[in-house]
Amino acid sequence: MKISPSQASTELREALTAIVGEANISVANLERLSYCRDLNPMANLATNDGRLGPLPDVIVWPHEVDQVVRLVKLAAERRVPLIPFGAGSGVCGGTTPLRGGIILDLKKMKRILALDEKSLAVTAEAGIIGQHLEMELNRQGYTMGHFPSSIYTSTLGGYLAARSAGQLSAKYGKIEDMVLGLEVVLGTGEIMRTPVAPRASLGPDWNQIFVGSEGTLGVITSATCRIRPYPPSREFASFVFPTIEAGIEGMRLLMQNELKPAAVRLYDELDTALVGTGSKQGESSESFFDSLPISQFGNAVKSLVPGLVRRAERFVGQRADLANELQRFATKGCLLVLTFEGEELLTRAEKNLATEICEKAEGVNKGPEPAMRWWKNRYHVSYGQSKVFYHGAFVDTIEMATTWRKIADLYHEIRRAVREKAFIMAHFSHAYHEGCSVYFTFVSAGTDVEKARQTHRQVWDAAVAACHRVGGAMSHHHGIGYTKAPYMHEEHGQAMRIFEALKQEMDPAGILNPGKMGLS
Amino acid sequence: MDQPKPKKPTNVELLNRLRDVLGGRRVSRALGDRLNYSHDLWPRSLLEIRRGEAPYRPDLIIWPETTEEVSRVLKVCNEMRTPVVPFGAGSGMCGGVLPVCGGVVLDTKRMNHIERISEESQVAVCQTGILGIHLEQELNRRGYTMGHFPGSFGISTLGGYLATRSAGQAATMYGKIEDMVLSLQAVLADGTVIHTRTAPRRATGPDFNHVLLGSEGVLAVITRAHMRLHALPAAREFRSAVFPKLDNGLEALRLMLRFGLRPTIVRLSDPADTSVTMKALGLSAQGCLLVMVFDGRSAQIELESAKALEICLANGGRDRGEEPARHWYNHRFAEHFRQSPLLAEQKMVLDTIELAATWTNVKPLYDAVHKALGRQATVLAHVPHAYPEGCALAFTVLCKVTTEDEFKRYDRLWQTAMDAALKNGGVISHAHGIGRQKVRWLAKQLPLALPLLQGLKRRLDPNNILNPGKLSVEVECPC
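Here the protein sequences come in this chain order: R and A.
Counting from 1, position 11 in the first sequence corresponds to residue 10 in numbering that gives the first Met the number 0; the numbering is continuous, with no gaps.
Counting from 1, position 254 in the second sequence corresponds to residue 253 in numbering that gives the first Met the number 0; the numbering is continuous, with no gaps.
Just so you know, the hints here were simulated from the structure itself, not pulled from any lab data.
Please note that a few of the clues may not be correct.
Said to hold, decoys possible - Restraint ranges, calculated between C-beta atoms of paired labels, are given here:
| no. | chain 1 | residue 1 | chain 2 | residue 2 | range |
| --- | --- | --- | --- | --- | --- |
| 1 | R | H488 | A | A230 | 32 to 42 Å |
| 2 | R | S3 | A | R458 | 30 to 40 Å |
| 3 | R | T242 | A | D178 | 31 to 41 Å |
Where a beta carbon is used, it is the ideal one built from N, C-alpha and C, also for glycine.
Taking the hints into account, I'd like the entire structure generated from these sequences.
Here's what the structure looks like:
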């Protein structure tokens with residue numbers, strides 16, 4: 000494999016070294032390779048094929064905001080791209096250095112700066128790993144309530160930059176619901192610090208402008224976020240609904256009765272069939288189903304529909320529609336798992352009311368067991384997927400959101416649009432008063448990487464077109480990066496003018512994470 | 000105040016072109032209309048009016064009825080470099096709609112249709128000129144509430160709420176207006192219509208709703224909104240307590256919200272507010288009165304209100320039963336209307352200064368602002384809304400003045416309050432917005448905000464026609 004040499008001039012390197020010190024800069028190929036991609040599946044596939052995407056020229060690790068200011072100013076003066084980087088677990092190519100330049104890894108800015116117990120707020124630097132922040136909060140008797148499945152390999156800054164969601168979003172909200180204040184270094188090198196208050200009326204909300212900007216408007220260097228007391232009690236409940244529509248209706252009624260469950264997850268029939276029957280621990284398997292997000296229960300599939308599974312595996316890629324026919328055999332209904340957490344007085348009452356509502360809505364009470372099992376395995380989800388890639392296939396996820404009125408349509412339309420090209424299943428994992436998100440996992444393959452790439456693009460084109468036809472947001476919490484950038488104008492129309500204007504004001508040199516999010 | 004007084008004769012071409020779009024009856028240049036639309040309820044403007052002064056006057060008032068008409072009139076005004084001030088019902092308290100450069104006042108009140116109610120998603124799609132009370136009444140008729148009850152309820156519009164980030168009495172439960180919005184339709188200065196996407200949450204870039212929310216008419220005219228609804232509650236509980244000191248009451252509120260209780264309304268008065276405001280409403284109490292309202296299913300609110308009371312008692316509160324809260328609830332809008340005769344009277348100024356802070360900062364903030372203002376005026380304070388992280392704080396100030404010193408004393412009250420707020424961890428507005436009134440202190444609280452906003456405005460509204468002179472320290476009028 001040939002690696003193109005770093006384009007960073009000696010002079011640039013010296014200037015960078017003067018800011019961060021010799022120990023915090025690298026132009027080594029090993030590092031440049033490590034930072035050239037995130038976990039977007041097409042980059043994985045290309046890497047397996049020995050193809051390397053664009054590489055950064057240099058990686059720097061600042062320790063404090065003043066260094067970030069100097070780095071940004073330097074990059075702006077020299078018109079060198081600068082890409083803020085957390086832990087690289089994004090799945091949309093958000094940190095890919097499309098035009099080379101400097102990777103600004105924030106992981107050494109990882110201090111917890113303040114814990115305001117009275118006001119339930121924590122201030123931390125953006126490079127802290129989610130799990131580290133959560134563990135420290137737990138130690139002090141608090142939780143942030145943000146549990147993305149990437150929690151071990153993702154940072155606070157990454158959450159904010161991409162509008163991340165955690166598994167308990169129904170209670171704690173997404174990251175944008177948690178943010179109280181930000182410190183951001185703009186592309187001009189100016190520092191913006193937003194005042195911390197529960198609410199304010201000070202013009203537009205700058206927090207909500209930087210959140211989701213994916214490094215294109217500024218470098219988020221620290222944030223103040225809402226926290227809650229560590230929950231003294233936790234309750235679990237599970238229900239099986241006869242159809243996906245009935246399950247959606249159950250979720251809607253829960254949320255519109257002003258309940259605040261912590262986790263709300265509804266699996267479609269196939270997902271339920273894979274989840275529901277349980278598995279024998281420690282048994283290994285070569286099936287690609289084992290690599291699916293519900294892989295911990297994957298062996299169960301074989302007892303469910305033995306012949307079809309093997310046939311489906313062979314046909315996936317060429318005949319994904321056949322695999323989708325599995326759905327017909329999955330007649331176990333749709334599983335809804337619920338958890339409640341907080342003060343026992345409230346969680347018990349909430350669980351009782353939730354049970355009453357679900358049972359009225361055709362849900363069959365399955366007791367706490369399935370929900371507890373999900374809870375135990377809730378982080379396994381993301382780690383099984385990599386195996387798929389060794390089978391010459393690929394797996395990706397599509398997460399969209401819309402209102403209750405449209406959610407079943409969105410689900411069916413996406414499945415219809417994608418089913419000929421990929422094996423697809425879904426769950427509904429983030430519910431709100433007025434709607435919810437739907438999370439599709441799709442698996443497909445190509446005879447070579449180029450074919451796989453084409454299929455992947457076709458799946459996305461079809462899915463996004465279906466989303467825009469039905470109405471909804473094309474991403475609920477993974478963000479845009481460059482893989483979804485081509486759809487941004489379709490998504491926002493003329494409202495993109497606001498984004499373009501913000502970009503020109505905040506990053507006049509155009510150095511911050513260029514080529515992303517459909518910005519010109 | 001150092002604003003220029005522009006004078007621009009009504010342009011016949013402008014008049015004719017606007018009449019082409021709207022017809023003769025929805026364009027006015029009558030003096031009566033021009034005077035009525037020359038101010039909002041900023042007490043400083045009211046001082047001017049009672050002196051017989053009206054320093055700013057629009058040239059024309061127009062009443063478009065559709066987004067398309069708004070788009071067409073903005074195109075005309077943009078071509079003719081004419082200022083356009085979007086106007087709801089004029090109940091703002093910060094001079095946000097003052098036509099400081101003259102021009103056209105675009106009254107949105109004829110855009111008052113509820114276009115659709117989705118019962119399944121519990122979302123209403125409304126034009127923004129609808130009065131809050133009309134929207135709520137129609138929703139109630141259908142079994143829903145939006146949960147937004149500002150004191151100006153009967154004389155304010157949805158668009159005004161959105162443009163200023165308004166809060167209602169039930170913000171503790173339902174949030175402020177920015178928490179209720181799903182998506183917006185708005186018209187840019189050149190007539191371009193933009194829509195934000197309707198979804199419960201998204202990760203598709205910055206939240207453009209939050210650029211428009213609070214933008215006070217300087218970036219776009221908001222014409223339509225998707226708003227979240229809630230089913231009308233099945234039951235309601237009232238609870239009241241009095242605390243010997245404000246600290247006790249604040250602590251009780253903080254602990255309730257920390258526990259996870261969700262009262263619909265909490266209102267905590269300081270001793271002066273208890274003995275003046277609450278007395279004026281017919282409630283006699285001493286100390287710090289807390290009134291609470293809980294809405295929801297009866298089993299749940301019984302549980303929650305009992306727990307809330309328990310927390311009050313554990314923090315030095317005494318149970319005052321249901322009656323004070325119920326009485327306040329039934330008279331809650333009278334509170335605001337009782338103030339107006341005071342202002343109409345000569346030799347008196349009256350205003351409300353509302354701030355927000357975290358729980359850690361709120362008591363020092365209260366003490367500092369109260370002490371500073373107390374030297375100049377009678378000060379009543381209350382907590383109108385509370386959140387798990389902190390609360391809002393509203394100071395009602397009134398003092399006697401003379402015709403000679405009334406502006407000086409009025410301005411000094413604000414200077415004093417804002418200085419104390421900035422020094423003591425307060426944000427300078429929780430829900431009233433900035434307008435002409437607070438822009439100087441916004442420049443101190445968030446120094447980069449104004450230059451960024453004006454930069455953004457130059458790109459979206461290069462001729463500076465939309466509400467010029469707002470969210471900007473300098474007043475620059477389009478030429």
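Structure-based check of each hint:
1. For H488 (chain R) paired with A230 (chain A), a C-beta distance near 38 Å keeps the hint of 32 to 42 Å intact.
2. Evaluation of the 30 to 40 Å hint for S3 (chain R) and R458 (chain A) yields a pass: the beta carbon distance comes to about 37 Å.
3. Evaluation of the 31 to 41 Å hint for T242 (chain R) and D178 (chain A) yields a pass: the beta carbon distance comes to about 33 Å.
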